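S.K.: In order, the protein sequences belong to chains A and B.
5 is the number of the first residue of the first sequence in the working numbering; add one for each residue after it.
382 is the number of the first residue of the second sequence in the working numbering; add one for each residue after it.
SDA-like cross-link-like pairs, simulated, lysine to any residue; straight-line CA separation at most 20 Å:
no.	chain 1	residue 1	chain 2	residue 2
1	B	401	B	455
2	B	401	A	280
3	B	401	B	430
4	B	401	B	384
5	B	401	B	435
6	B	401	A	281
7	B	401	A	378
8	B	401	A	374
9	B	401	A	372
10	B	401	A	377
11	B	401	B	426
12	B	401	B	385
13	B	401	B	452
14	B	401	B	415
15	B	401	A	373
16	B	401	B	413
17	B	401	A	379
18	B	401	B	454
19	B	401	B	448
20	B	401	B	450
21	B	401	B	411
22	B	401	B	382
23	B	401	B	390
24	B	401	B	386
25	B	401	B	422
26	B	401	A	282
27	B	401	B	431
28	B	401	B	436
29	B	401	A	380
30	B	401	A	376
31	B	401	B	389
32	B	401	B	391
Read the hints as simulated data drawn from the structure, not as lab findings.
If you're wondering where the values come from, they're calculated on a predicted model, not measured in any experiment.
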Amino acid sequence: MGDDGYPGGYLDSASSEPLHPAARETLLAALDQGYADPRRLHPAARDARLLLDNAREATAEALGVRRDEVSFTSSGTEAVHRGLLGLLLGKHEAHRHLLYTEVEHSAVLHAARWFEERLGGTATPVPVDPAGRVRLEPMPHGGVLAVQSANHEVGTLQPIGELGPFVDDDTLLFVDACASMGRVPLGADWGAVAGSAHKWGGPAGVGVLLVRHGVRWRSPFPADDRVDHRASGFENVPAALAAAAALQAVVAERDEVNARQHALVDRIRAAVALIPDTEVVGDPVDRLPHLVTFSFLYVDGEAIVDALARRGFGVASGSACTASTLEPSHVLAAMGALTHGNVRVSLTRDTTEAEVDAFLAVLPQVVAGIRGDAGL
Amino acid sequence: MTELDCRGMPCPRPVIELAKLFPSIAPGEVVAVASDDPAARYDIPAWCRMRGQDYLGEEPAADGVPRYLVRKGPTDEAASPP
Numbered sequence: 005m006g007d008d009g010y011p012g013g014y015l016d017s018a019s020s021e022p023l024h025p026a027a028r029e030t031l032l033a034a035l036d037q038g039y040a041d042p043r044r045l046h047p048a049a050r051d052a053r054l055l056l057d058n059a060r061e062a063t064a065e066a067l068g069v070r071r072d073e074v075s076f077t078s079s080g081t082e083a084v085h086r087g088l089l090g091l092l093l094g095k096h097e098a099h100r101h102l103l104y105t106e107v108e109h110s111a112v113l114h115a116a117r118w119f120e121e122r123l124g125g126t127a128t129p130v131p132v133d134p135a136g137r138v139r140l141e142p143m144p145h146g147g148v149l150a151v152q153s154a155n156h157e158v159g160t161l162q163p164i165g166e167l168g169p170f171v172d173d174d175t176l177l178f179v180d181a182c183a184s185m186g187r188v189p190l191g192a193d194w195g196a197v198a199g200s201a202h203k204w205g206g207p208a209g210v211g212v213l214l215v216r217h218g219v220r221w222r223s224p225f226p227a228d229d230r231v232d233h234r235a236s237g238f239e240n241v242p243a244a245l246a247a248a249a250a251l252q253a254v255v256a257e258r259d260e261v262n263a264r265q266h267a268l269v270d271r272i273r274a275a276v277a278l279i280p281d282t283e284v285v286g287d288p289v290d291r292l293p294h295l296v297t298f299s300f301l302y303v304d305g306e307a308i309v310d311a312l313a314r315r316g317f318g319v320a321s322g323s324a325c326t327a328s329t330l331e332p333s334h335v336l337a338a339m340g341a342l343t344h345g346n347v348r349v350s351l352t353r354d355t356t357e358a359e360v361d362a363f364l365a366v367l368p369q370v371v372a373g374i375r376g377d378a379g380l
Numbered sequence: 382m383t384e385l386d387c388r389g390m391p392c393p394r395p396v397i398e399l400a401k402l403f404p405s406i407a408p409g410e411v412v413a414v415a416s417d418d419p420a421a422r423y424d425i426p427a428w429c430r431m432r433g434q435d436y437l438g439e440e441p442a443a444d445g446v447p448r449y450l451v452r453k454g455p456t457d458e459a460a461s462p463p
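If we strip away everything but chain A, and leave its shape as in the complex, we get:
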């Protein structure tokens, strides 16, 4: 904690960004107007339908896509599953082969395994370089390539626009943009895209699925008779509208916010690199503005997360000892990075310089303390 009484900080926006003020305002207003079934024909239903259409319109505008390309799902994970599997099922059976980078989110990895086990498909991982960037080399034949826009653990941006010469002409790209949506412009190369509202300051329970106009997509799950054939279940209209309002605000603010966050992360990267036996992971420049990951030799991941929490800082870790399994982060492993003693710091739109400085002031002592306890 700083001398000014600053209470320390939440540095885990990559897990979930606090609700954006624009989302809060919209959500509260929409709760009273968007309760009805948007498929009915009475006035309350028409109100709900109008709000849902507005949410779709605002989301499309913020992302620079067509309205009919936007679907709302119940989470980013659901958007990943529907988008990825739906593209694969839209392919002719002979072309249902999935390629995915080794550093994709577990939602993609689980979908890949499900595709193999339940749908009889085949899936092949594609390697990354030590920065976590997909290797630009000829790839095996694949109907769909799953490549995230930016990595959720290390922040490295993927060179999606440069993949063209290395994949078959008829390969469709599935882009998991959950870590970047709103923060970084969506590129032009995609067959389907997934996003997650609580990562940009919208409410949890809203995912965004984009399916490119004209691209063949077939639902991998049972159909439903809702407003949108790509989604199922009763629409959460107020939350979708709040998510759209937050997305518009984040896009409008991003030049300023990104520049501020990028500079603060540069400051963190430089300070952390001065701590002995430390590895700062991910691309230093070509990265998400708000996120940085580093690992300390000889440090237990759970111990450092706990020690920082006791000092008022909330951070994430990809180390095995902080996970439910004994396996370390598959992202760090694929990059050949150190997997223990890992800390991921991700800034909110309100994170201040004072907060970052307070964090950097305690970090070296915390690391030294844990190493001391280990006898080093």
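Following the hints, position chain B against chain A.
M.R.: Chain B only, in chain A's frame:
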């Protein structure tokens, strides 16, 4: 070759034990770290890279547990614990 038995130790203990042992190892000598911790497969090579030592690869012990082979570099300095 020196054997370092880290069976049953969770991460980051195998790397800590390796770092503690290293000052007693002569340059050029090989240490075999036996570890059933899944993170050791990534963290022992990463330790070698960060501390300037040679990672030679892994081979199974008689009980099937992987042994990670590390050769000490030419100088003592790089290998001393912090």
